[in-house]
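If you read the protein sequences in the order shown, they are chains A and B. FYI, in this note's numbering the residues of the first sequence are 1 to 113. FYI, in this note's numbering the residues of the second sequence are 1 to 113.
Please keep in mind that the hints were generated in silico from the structure rather than gathered at the bench. Backbone N, C-alpha and C define an ideal beta-carbon position, used for all residues, glycine too. Take every hint as true, because none was put in to throw you off.
In silico DSBU-like pairs for lysine-lysine, Cα to Cα no more than 30 Å straight-line:
# : chain 1 : residue 1 : chain 2 : residue 2
1 : A       : K57       : B       : K52
2 : A       : K57       : B       : K68
3 : B       : K52       : B       : K68
To give an idea of the chain A side of the interface with chain B (calculated C-beta under 8 Å), a few residues:
#  : residue
4  : S33
5  : G42
6  : L43
7  : E48
8  : N56
9  : S94
10 : N100
11 : E101
12 : Q102
13 : F104
14 : G105
15 : P106
16 : G107
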Amino acid sequence: KAGVTQTPRYLIKTRGQQVTLSCSPISGHRSVSWYQQTPGQGLQFLFEYFSETQRNKGNFPGRFSGRQFSNSRSEMNVSTLELGDSALYLCASSLTGANNEQFFGPGTRLTVL
Amino acid sequence: GNSVTQMEGPVTLSEEAFLTINCTYTATGYPSLFWYVQYPGEGLQLLLKATKADDKGSNKGFEATYRKETTSFHLEKGSVQVSDSAVYFCALSDGAAGNKLTFGGGTRVLVKP
Chain A
1 KAGVTQTPRY LIKTRGQQVT LSCSPISGHR SVSWYQQTPG QGLQFLFEYF
51 SETQRNKGNF PGRFSGRQFS NSRSEMNVST LELGDSALYL CASSLTGANN
101 EQFFGPGTRL TVL
Chain B
1 GNSVTQMEGP VTLSEEAFLT INCTYTATGY PSLFWYVQYP GEGLQLLLKA
51 TKADDKGSNK GFEATYRKET TSFHLEKGSV QVSDSAVYFC ALSDGAAGNK
101 LTFGGGTRVL VKP
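Using the sequences and the hints given, assemble the complete structure.
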């Protein structure tokens, strides 16, 4: 079974630009979550999508948004990039319900210059 | 809100030494508890989990017991190998919020031959 895939793996952007990251979950998984990982703040939850609906949201500004498609693939978008948005963005998929094991992708490394 | 506190690293050990990483949590209700491991340049992998009090999760020689009375989930391994060098994250999911994970700050472990 293929794992969680994320594209692209690396991105370099400049301040003020916007970026879209993509995540393909494991086949059959309908929940997709996004996390931001930085040296200073650690791993922080961004949001979770389930059946094309946002089920949970973390404490991030509205510049961070996401969506999920009918095939469970998900995208997250960051608009008006700031230097502090430089991070590893991790996507995780899991089965339906709650408290399930989450399977993580390798992440997208975003650098904002 | 929920929170997870784990010991700061780095933890440096010799091969075959005993490893303990402390983890305590604050949560409402009855959370599920997880240990994830992150190898250099990779995403997170689930190491073990426990879903109720007194459960013991185990995998690859690692163990952790869900202690509700002390709100702890300490990770242990009796004899570490160089290949265990990684960053270890303790996390919880409280079920009330889907599959959202709250992570501790991570503990870097370095095992020397």
